[in-house]
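Asks: Could you put the whole structure together from the sequences, leaning on the hints where they help?
Read top to bottom, the protein sequences are chains S and L. Throughout, my numbering is defined as the position within the first sequence, counted from one, plus 486. Throughout, my numbering is defined as the position within the second sequence, counted from one, plus 486.
Mixed in with the good hints there might be a few duds.
Said to hold, decoys possible - Using C-beta positions, here's what the derived DEER-type ranges look like: (1) L:Arg553 / S:Gly557: 39 to 45 Å; (2) L:Glu632 / S:Glu615: 21 to 27 Å; (3) L:Ala613 / S:Pro642: 33 to 39 Å; (4) S:Asp572 / L:Asn491: 36 to 42 Å; (5) L:Ala543 / S:Pro642: 31 to 37 Å; (6) S:Arg617 / L:Asp552: 29 to 35 Å; (7) L:Arg618 / S:Asn631: 20 to 26 Å; (8) L:Arg594 / S:Gly628: 31 to 37 Å.
Stated by the list, open to error - Only some residues are given here: those of chain L computed to face chain S with a beta carbon under 7 Å: (9) Ala510; (10) Gly512; (11) Ile513; (12) Thr524; (13) Pro525; (14) Leu585; (15) Arg617; (16) Phe619; (17) Ala624.
Honestly, the hints are just simulated from the structure, not real lab data. Computed from a prediction, not measured in an experiment: that's the story for all the values here. Just so it is clear, CB atoms sit at the ideal spot from N, CA and C, and this is done for glycine as well.
2 protein chains.
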Amino acid sequence: MAKRNLEDLYARPGFLLRRAHQIAVGIFAEECASLGLTPPQHSTLMVIERHPGIDQAALARAIGFDRATVGQVLEGLERRGLLRRDGSAEDKRRKTLVLTPEGRAVLRNAAGAAWRTSERLLAPLPARERRRFVELLAKLTGALNESSRSPVSKPPGR
Amino acid sequence: MAKRNLEDLYARPGFLLRRAHQIAVGIFAEECASLGLTPPQHSTLMVIERHPGIDQAALARAIGFDRATVGQVLEGLERRGLLRRDGSAEDKRRKTLVLTPEGRAVLRNAAGAAWRTSERLLAPLPARERRRFVELLAKLTGALNESSRSPVSKPPGR
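Replies: Right under this line is the structure:
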């Protein structure tokens, strides 16, 4: 008779990471309900605020999304008046990105939600292991960055 | 002047979990290239093998996906002849799911890829902390299961 339990599936790091990510998205959505931001939208606003004039390709690399996804995120944020795409009319990807005053305000208002999301995510872990858990996650993602289809690379500093 | 670095974004557990999940999907896809399976397809085959006759709603709960996503996964697998949906013609969701011999063969052939994905994911961590990392992830996802939009519940045993 086949093994009926699914403990091996439920103990797999890939399965657990998918679940944990789903949970993080759900908690962020709850915390951000009044602002209607998703995590990728929030990351996008953060990067553009810190790197005004960044282009779409560099933004995609900064947050580790493919360009198509970033294009959708930018369209939604632009439609809501939270950012502007300036410059090159013939090539959207060459446009440089800047936040509007509304975009900066939404980002300021979302800071608490982002902070509470992190707190709630780590709350189930023993207090003394929260930092260690984040360090291990950072180590894993740093070492395996190139195994992702959309590796992260920091925008150049000035 | 605004803070230019993104260390706070890159240290956020939600950001890191999204990255880690992306990486896990990328590694699984590499390992499974010859079989052309995604992680949700693989989880689906595992659950149906262990719980033949399970219906679509219980399958969705077993792996923590919403029903629309599970419906798409099932359609793809059925089209490839890896499973059958039997029963109720008028209500697809009531159909019971069973693997075909081809589905069982693909699942057997994918076992190594799934194992190697887990190994590669944990490889960057200090050997003595790999198990602890998985335990912490399991603790987090277990405690916050209900914060996900698609909580996991194990299929009933027999």
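Asks: Go through the hint on L:Pro525 and say holds or violated, using the shortest Cβ distance to chain S against 7 Å.
Replies: 6 Å, holds
Asks: Tell me if the beta carbons of S:Asp572 and L:Asn491 are separated by a distance inside 36 to 42 Å.
Replies: Once the Cβ atoms are compared, 24 Å apart, the range 36 to 42 Å for L:Asn491 and S:Asp572 is violated.
Asks: Do L:Ala613 and S:Pro642 keep their Cβ atoms within the hinted range of 33 to 39 Å?
Replies: Roughly 36 Å apart at Cβ, these two residues keep to the hinted range, so it holds.
Asks: Determine whether the Cβ-Cβ distance between L:Arg553 and S:Gly557 falls within the hinted range of 39 to 45 Å.
Replies: The hint (39 to 45 Å, Cβ to Cβ) is violated, given that L:Arg553 and S:Gly557 are roughly 28 Å apart.
Asks: Taking 20 to 26 Å as the hint, is the beta-carbon distance of L:Arg618 and S:Asn631 inside that range?
Replies: 23 Å, holds
Asks: Starting from the hint 31 to 37 Å, judge whether the C-beta atoms of L:Arg594 and S:Gly628 obey it.
Replies: Because 34 Å falls inside the window, the suggested range holds.
Asks: Can the suggested window of 21 to 27 Å be confirmed for the beta-carbon pair L:Glu632 and S:Glu615?
Replies: 22 Å, holds
Asks: Does the nearest C-beta of chain S fall within a distance shorter than 7 Å of the C-beta of L:Gly512?
Replies: Cβ of L:Gly512 sits 5 Å from chain S, so the hint holds.
Asks: Would you check whether L:Ala510 satisfies its interface hint, that is, whether its CB is within less than 7 Å of any CB in chain S?
Replies: Interface hint status for L:Ala510: holds (4 Å vs cutoff 7 Å).
Asks: Given L:Ile513 as an interface hint, is the shortest Cβ-Cβ distance to chain S below 7 Å?
Replies: 5 Å, holds
Asks: Please test the hint of 31 to 37 Å on the beta carbon pair from L:Ala543 and S:Pro642.
Replies: Violated: the Cβ-Cβ distance is about 50 Å, outside 31 to 37 Å.
Asks: Identify whether the interface hint at L:Phe619 stands, where standing means a beta carbon of chain S within less than 7 Å of its own.
Replies: Where the cut-off is 7 Å and the nearest Cβ of chain S is about 5 Å from L:Phe619, the hint holds.
Violated hints for the displayed structure, listed by number in ascending order: 1, 4, 5, 12, 14, 15.
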